[in-house]
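Chemist: Protein chains in written order, with the working numbering: chain L, 1 to 478; chain V, 479 to 597; chain F, 598 to 964.
There could be a bad hint or two in this list.
In silico SDA-like pairs for lysine to any residue, Cα to Cα no more than 20 Å straight-line [unchecked claim]:
#, chain 1, residue 1, chain 2, residue 2
1, V, Lys-580, F, Leu-892
2, F, Lys-702, V, Ser-583
3, L, Lys-113, F, Glu-961
4, L, Lys-165, F, Gly-706
5, V, Lys-499, V, Asn-585
6, V, Lys-517, L, Val-218
7, L, Lys-114, F, Lys-959
8, F, Lys-702, L, Phe-46
9, V, Lys-500, F, Leu-627
10, L, Lys-165, F, Leu-892
11, L, Lys-427, F, Leu-637
12, L, Lys-141, F, Thr-963
13, V, Lys-580, F, Arg-808
14, V, Lys-580, L, Ser-54
15, L, Lys-421, F, Arg-643
16, L, Lys-133, F, Gln-957
17, L, Lys-421, F, Thr-630
18, L, Lys-300, L, Gly-336
19, F, Lys-938, F, Glu-948
20, F, Lys-646, F, Glu-696
21, L, Lys-300, F, Arg-643
22, L, Lys-427, F, Val-635
23, V, Lys-580, F, Glu-696
24, L, Lys-141, V, Lys-571
25, V, Lys-580, F, Gln-912
26, L, Lys-219, V, Pro-533
27, F, Lys-959, F, Asp-884
28, L, Lys-421, F, Leu-627
29, V, Lys-499, V, Ser-588
Derived by calculation from the structure, the hints in this document are not laboratory data.
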Amino acid sequence: MSITSIFSAFFEYGLWLYSIVLLLSYLLIAVFAIIEIRRYLRSASFTDYSILASSPQAPGMSILAPAYNEGATIVDNVRSLLSIHYRNLELIVINDGSKDDCLQKLIDAYHLKKIDFFVKRSIPTKDVRGVYKSTNPVFHKLLVVDKVNGGKADALNVGINVSSKEYIVCIDVDCIIEQDALLKMAKPFLDTTGSRVIASGGVVRVANSCEIRNGRLVKVHLPDTFLPRAQTLEYIRAFLLGRMAWSRINALLLISGAFGAFDKEIVIACGGYNHATVGEDMELVVRMRRYMEERNIPYKVTYIPDPLCWTEAPSSYKILGRQRNRWTRGTIETLGMHKKMCLNPNYHILGMLSYPYWLLFELMAPLVEFTGFICMLIAALLGYIDWAMFFSLLGFILSFGILYSIFAILMEVLTYNQYNKSSDILKLVLTAILEPFIFHPFVVWSAIRGNIDLLRKKNSWGEMSRQGFAGKKTNANA
Amino acid sequence: MKILIAEDEPILIRTIEVRLKKDGYELCLASDGQQAIDKIADFSPDMIITDIMMPYASGLEIISYTRQQPGKRTPIIILSSMGQEDVVLEAFKLGADDYITKPFSPNELSVRVRRLLAS
Amino acid sequence: MHLVFLYSTPLVPRPHLLLTAMAVMVGALLLITVFILVYLVLRRKRERKLDEWRDQLSGTLQRAIFFEDDGNAQAAIPLTFKTIRGLKHPGFRQLLVDELVQGKKSLTGTAATNLVLLFNQLGLSKLSLQKLNSRRWHIKARGIQELAVMEQRQLVTRIYRLTNAHHELVRMEAQSAIVQLYGFEGLRFLDIIDTPISEWQQITLLRLLARMPGIQPEKVANWLSSSNDSVRIFALKLVAEHHLRQLHDQTAPCLQHPHPPVRMQTVRCLKEIYTDRTSDALIQAYDTQNIPCRLAILDTLGSIGAPDNGAFLSQQLSEAEDMLKLGAARALIQMGDIGLKHLDEFPLSGEYPWNEIFQQAKTEQTA
Numbered sequence: 001m002s003i004t005s006i007f008s009a010f011f012e013y014g015l016w017l018y019s020i021v022l023l024l025s026y027l028l029i030a031v032f033a034i035i036e037i038r039r040y041l042r043s044a045s046f047t048d049y050s051i052l053a054s055s056p057q058a059p060g061m062s063i064l065a066p067a068y069n070e071g072a073t074i075v076d077n078v079r080s081l082l083s084i085h086y087r088n089l090e091l092i093v094i095n096d097g098s099k100d101d102c103l104q105k106l107i108d109a110y111h112l113k114k115i116d117f118f119v120k121r122s123i124p125t126k127d128v129r130g131v132y133k134s135t136n137p138v139f140h141k142l143l144v145v146d147k148v149n150g151g152k153a154d155a156l157n158v159g160i161n162v163s164s165k166e167y168i169v170c171i172d173v174d175c176i177i178e179q180d181a182l183l184k185m186a187k188p189f190l191d192t193t194g195s196r197v198i199a200s201g202g203v204v205r206v207a208n209s210c211e212i213r214n215g216r217l218v219k220v221h222l223p224d225t226f227l228p229r230a231q232t233l234e235y236i237r238a239f240l241l242g243r244m245a246w247s248r249i250n251a252l253l254l255i256s257g258a259f260g261a262f263d264k265e266i267v268i269a270c271g272g273y274n275h276a277t278v279g280e281d282m283e284l285v286v287r288m289r290r291y292m293e294e295r296n297i298p299y300k301v302t303y304i305p306d307p308l309c310w311t312e313a314p315s316s317y318k319i320l321g322r323q324r325n326r327w328t329r330g331t332i333e334t335l336g337m338h339k340k341m342c343l344n345p346n347y348h349i350l351g352m353l354s355y356p357y358w359l360l361f362e363l364m365a366p367l368v369e370f371t372g373f374i375c376m377l378i379a380a381l382l383g384y385i386d387w388a389m390f391f392s393l394l395g396f397i398l399s400f401g402i403l404y405s406i407f408a409i410l411m412e413v414l415t416y417n418q419y420n421k422s423s424d425i426l427k428l429v430l431t432a433i434l435e436p437f438i439f440h441p442f443v444v445w446s447a448i449r450g451n452i453d454l455l456r457k458k459n460s461w462g463e464m465s466r467q468g469f470a471g472k473k474t475n476a477n478a
Numbered sequence: 479m480k481i482l483i484a485e486d487e488p489i490l491i492r493t494i495e496v497r498l499k500k501d502g503y504e505l506c507l508a509s510d511g512q513q514a515i516d517k518i519a520d521f522s523p524d525m526i527i528t529d530i531m532m533p534y535a536s537g538l539e540i541i542s543y544t545r546q547q548p549g550k551r552t553p554i555i556i557l558s559s560m561g562q563e564d565v566v567l568e569a570f571k572l573g574a575d576d577y578i579t580k581p582f583s584p585n586e587l588s589v590r591v592r593r594l595l596a597s
Numbered sequence: 598m599h600l601v602f603l604y605s606t607p608l609v610p611r612p613h614l615l616l617t618a619m620a621v622m623v624g625a626l627l628l629i630t631v632f633i634l635v636y637l638v639l640r641r642k643r644e645r646k647l648d649e650w651r652d653q654l655s656g657t658l659q660r661a662i663f664f665e666d667d668g669n670a671q672a673a674i675p676l677t678f679k680t681i682r683g684l685k686h687p688g689f690r691q692l693l694v695d696e697l698v699q700g701k702k703s704l705t706g707t708a709a710t711n712l713v714l715l716f717n718q719l720g721l722s723k724l725s726l727q728k729l730n731s732r733r734w735h736i737k738a739r740g741i742q743e744l745a746v747m748e749q750r751q752l753v754t755r756i757y758r759l760t761n762a763h764h765e766l767v768r769m770e771a772q773s774a775i776v777q778l779y780g781f782e783g784l785r786f787l788d789i790i791d792t793p794i795s796e797w798q799q800i801t802l803l804r805l806l807a808r809m810p811g812i813q814p815e816k817v818a819n820w821l822s823s824s825n826d827s828v829r830i831f832a833l834k835l836v837a838e839h840h841l842r843q844l845h846d847q848t849a850p851c852l853q854h855p856h857p858p859v860r861m862q863t864v865r866c867l868k869e870i871y872t873d874r875t876s877d878a879l880i881q882a883y884d885t886q887n888i889p890c891r892l893a894i895l896d897t898l899g900s901i902g903a904p905d906n907g908a909f910l911s912q913q914l915s916e917a918e919d920m921l922k923l924g925a926a927r928a929l930i931q932m933g934d935i936g937l938k939h940l941d942e943f944p945l946s947g948e949y950p951w952n953e954i955f956q957q958a959k960t961e962q963t964a
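Use the sequences and the hints to build the structure in full.
Modeler: Here it is, written out as structure tokens:
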């Protein structure tokens with residue numbers, strides 16, 4: 001056998017095997033997700049969350065919201081966060097050295113006054129310039145911390161240092177959080193006996209085109225434009241199916257930085273957020289899991305499928321590209337930092353399943369897809385395979401992908417049904433059909449760019465411009 | 479006498495409505511906090527009965543908002559399932575006149591309303 | 598050179614097989630889409646029906662809530678014609694049960710009694726009993742809840758049997774139900790239970806008990822020495838909530854319990870029932886505790902505010918852990934002038950971090 005034929009065999013079999021395993025994993029994910037969501041919804045159907053709202057036994061929660069140059073919307077955002085139903089709550093807004101009037105707006109709107117506050121140094125951070133509290137008793141839950149710019153991870157660590165409660169809820173300040181979100185997020189920490197819940201994630205939904213008044217979501221609409229709509233579909237697949245399935249087997253590696261609750265004691269024991277990576281949200285969860293595994297302490301990372309958090313998804317290719325690029329770099333960095341776990345039985349399901357899966361099928365999928373497609377195309381062009389084969393393979397994979405998306409839509413309709421107009425469903429179906437041709441290639445390309453950029457050692461968040469929930473465009477320093 | 483009721487549980491809002499209508503008051507209903515705040519401006523009620531935990535704006539915000547309005551001091555009764563000392567104290571500190579915890583008796587509510595409006 | 602392998606192995610299907618698979622998937626896809634659209638239509642219809650039914654019910658519910666029997670014990674609550682019509686539908690009956698349960702949870706006095714009266718008058722307990730017979734755990738649990746809220750004490754044996762049910766959540770609902778029906782008496786299961794009671798369940802039970810009289814301190818004392826840690830923790834919470842000062846001497850030994858959450862709960866509990874012996878017990882136990890527990894001890898000592906604790910608290914100002922310094926400072930300030938004196942006399946009070954810590958503690962007090 002010649003070298004080329006060995007290579008060719010390896011390539012064909014490898015690609016084929018890869019695709020089969022990937023498709024099978026999607027099927028398994030679908031099955032597990034159904035089981036887990038059903039269990040959750042049934043349990044929630046007779047749970048009275050208001051018991052927790054009025055109980056003095058409810059665990060204390062600190063919401064940590066880092067803010068950088070959010071002056072346009074910060075007052076509304078904070079107002080919306082203050083209306084969350086939870087008693088033992090403190091809302092900590094960390095002004096990460098904003099260059100705009102973010103801090104001043106807060107001081108004016110909430111009658112803030114600088115107070116004497118001793119900031120613990122549980123986690124080393126950049127300097128804190130001041131801590132502010134409101135003189136108006138209505139806003140007594142609000143605490144604003146002004147610090148020297150240091151990035152999101154550093155801001156969150158300051159929040160952890162300042163927090164006085166047992167659990168921290170890390171959010172993006174411009175996310176809209178449902179009013180009973182914390183009641184639902186707190187329950188898993190209280191429900192489990194026998195193992196310690198160290199973190200709990202929530203579903204993030206796309207808020208584009210939704211009616212928002214005073215920072216509160218009033219009515220849900222399907223996004224008007226294609227790109228946010230494609231992301232809506234993607235989020236449904238990823239959150240409702242993917243994460244629920246992984247959390248069923250307690251192998252979830254990632255909790256969105258937009259909305260997640262953590263046991264503060266463990267976070268501090270692990271050293272807080274790592275600012276050496278742009279994927280600090282994923283990296284923290286992996287490190288926390290690893291911490292518990294290494295000490296053989298039974299633990300869980302749970303996930304709530306209820307739509308509790310709404311965020312504005314990028315509506316331009318440029319911003320979307322940066323976001324996906326960053327996510328890819330974050331994933332690579334995180335997996336790199338914890339490569340000791342790979343296929344290491346000491347880490348149980350984390351090392352034997354989660355890590356390898358994430359490496360092979362989340363990280364490498366874009367690369368495999370891209371190379372596979374190009375090679376197949378070239379092979380077809382050069383006559384090594386006939387076009388029938390090429391197109392039927394392509395067709396097979398495409399129809400599986402679309403079918404999976406439609407299935408995700410079905411799950412959404414059967415569970416939370418946020419989009420209940422028939423026209424919306426048809427628009428989603430159309431999006432599912434168009435997605436593999438427009439959205440998906442772009443995402444794959446951004447992921448590949450992410451790989452390249454990391455190799456080139458770029459390390460930044462990029463400028464994220466947001467349209468603001470009121471619909472106005474902020475000054476994009478793009 | 480006009481009374482504004484802010485309550486998100488349908489059966490309760492109906493019960494209170496029936497009871498107070500029987501007592502002869504004119505009623506205005508709001509099923510969430512934002513609606514309540516809007517109606518305070520339009521309806522100028524002589525009394526407000528409000529829950530604390532409601533969508534969009536809490537009862538405490540409603541108290542705060544009402545106390546900031548110029549003109550006569552509108553009596554406010556809180557009707558809430560949150561009966562802990564600190565919540566009750568906070569409500570009174572912000573300017574509530576009475577606090578009834580759920581579960582409550584509609585007849586008792588009626589008596590308290592009458593007493594408060596009389597004083 | 599061909600891609601020989603792709604064609605030569607049975608593992609890789611021929612194009613026509615792939616195309617067949619593709620056709621199947623496209624078919625499934627269309628079917629699901631149609632199903633979704635039909636489902637949406639049906640769901641909307643169902644919701645409209647439910648709204649219609651709610652309107653039909655509302656008259657009867659209000660009549661029930663404001664019903665007065667005028668001394669006639671046999672009097673029945675009059676139903677509206679709309680309600681009588683609706684009762685033929687099982688869905689309507691279930692909605693009525695839901696509304697009655699919702700109403701009963703939020704109302705007291707004659708209104709609540711009348712809702713139970715209506716529930717009994719219409720024989721709706723049959724519906725809830727049916728649920729107990731279901732094999733599906735969430736339906737069983739729902740049934741238990743309904744019977745408990747609507748005070749169906751005659752079915753207590755059925756419910757009690759379910760405190761040993763296979764499914765955890767059914768067991769928990771049964772436990773809550775018994776407590777709801779019998780108050781403190783219903784906690785009998787704590788004597789024998791060997792499974793842990795989750796924090797959530799404890800919160801639920803405490804809430805139910807908060808409005809009920811009849812707490813029996815002797816029973817609570819027994820639970821304080823239970824081998825089941827979660828029972829012990831629950832007992833400590835009961836002691837704290839109901840201020841059972843007479844159990845102080847049975848509580849304090851729990852400071853030596855091997856399980857840290859038990860010790861933590863003990864400290865919190867002692868804050869509510871402290872006597873003149875508490876400070877010593879806490880100070881003695883201090884060194885063997887972890888940091889969160891030590892903080893709780895400092896907090897409790899602050900509440901006790903005994904001047905004799907001043908020396909001990911001053912010592913803690915030199916603790917390595919900054920939060921403990923703050924905890925000690927706060928406790929000293931709560932002691933009043935004596936405490937302030939200790940702070941001012943502390944040799945390092947002008948240096949970092951003590952200056953900031955003391956400043957924060959002082960400001961908090963005046964706020």
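Chemist: Starting from Lys-580 of chain V, check that the Cα of Arg-808 of chain F is at most 20 Å away, please.
Modeler: holds (11 Å)
Chemist: Going straight from one Cα to the other, do Lys-580 of chain V and Ser-54 of chain L come out at no more than 20 Å?
Modeler: holds (11 Å)
Chemist: Quick one, are Lys-113 of chain L and Glu-961 of chain F close enough, alpha carbons at most 20 Å?
Modeler: holds (14 Å)
Chemist: Taking 20 Å as the top limit, are the C-alpha atoms of Lys-580 of chain V and Glu-696 of chain F close enough?
Modeler: This hinted pair holds, its Cα atoms lying about 16 Å apart.
Chemist: Is Lys-165 of chain L close enough to Leu-892 of chain F, meaning Cα to Cα at most 20 Å?
Modeler: holds (13 Å)
Chemist: Does Val-635 of chain F lie within 20 Å of Lys-427 of chain L when you go C-alpha to C-alpha?
Modeler: holds (16 Å)
Chemist: Taking only the CA atoms, is the gap from Lys-300 of chain L to Gly-336 of chain L under or equal to 20 Å?
Modeler: Not OK: Lys-300 of chain L and Gly-336 of chain L at ~23 Å, beyond 20 Å, violated.
Chemist: Taking only the CA atoms, is the gap from Lys-141 of chain L to Thr-963 of chain F under or equal to 20 Å?
Modeler: holds (18 Å)
Chemist: Between the alpha carbons of Lys-580 of chain V and Gln-912 of chain F, is the straight-line distance 20 Å or under?
Modeler: violated (47 Å)
Chemist: Are the Cα atoms of Lys-219 of chain L and Pro-533 of chain V separated by 20 Å or less?
Modeler: Judged against 20 Å, a Cα distance of about 13 Å means the pair holds.
Chemist: Would you mind confirming whether the straight-line C-alpha gap from Lys-114 of chain L to Lys-959 of chain F stays at or under 20 Å?
Modeler: holds (15 Å)
Chemist: Is it true that the CA of Lys-421 of chain L sits at most 20 Å from the CA of Thr-630 of chain F?
Modeler: holds (13 Å)
Checked against the numbered hints given earlier, the structure breaks hints 1, 4, 9, 18, 21, 25, 27 and satisfies all the rest.
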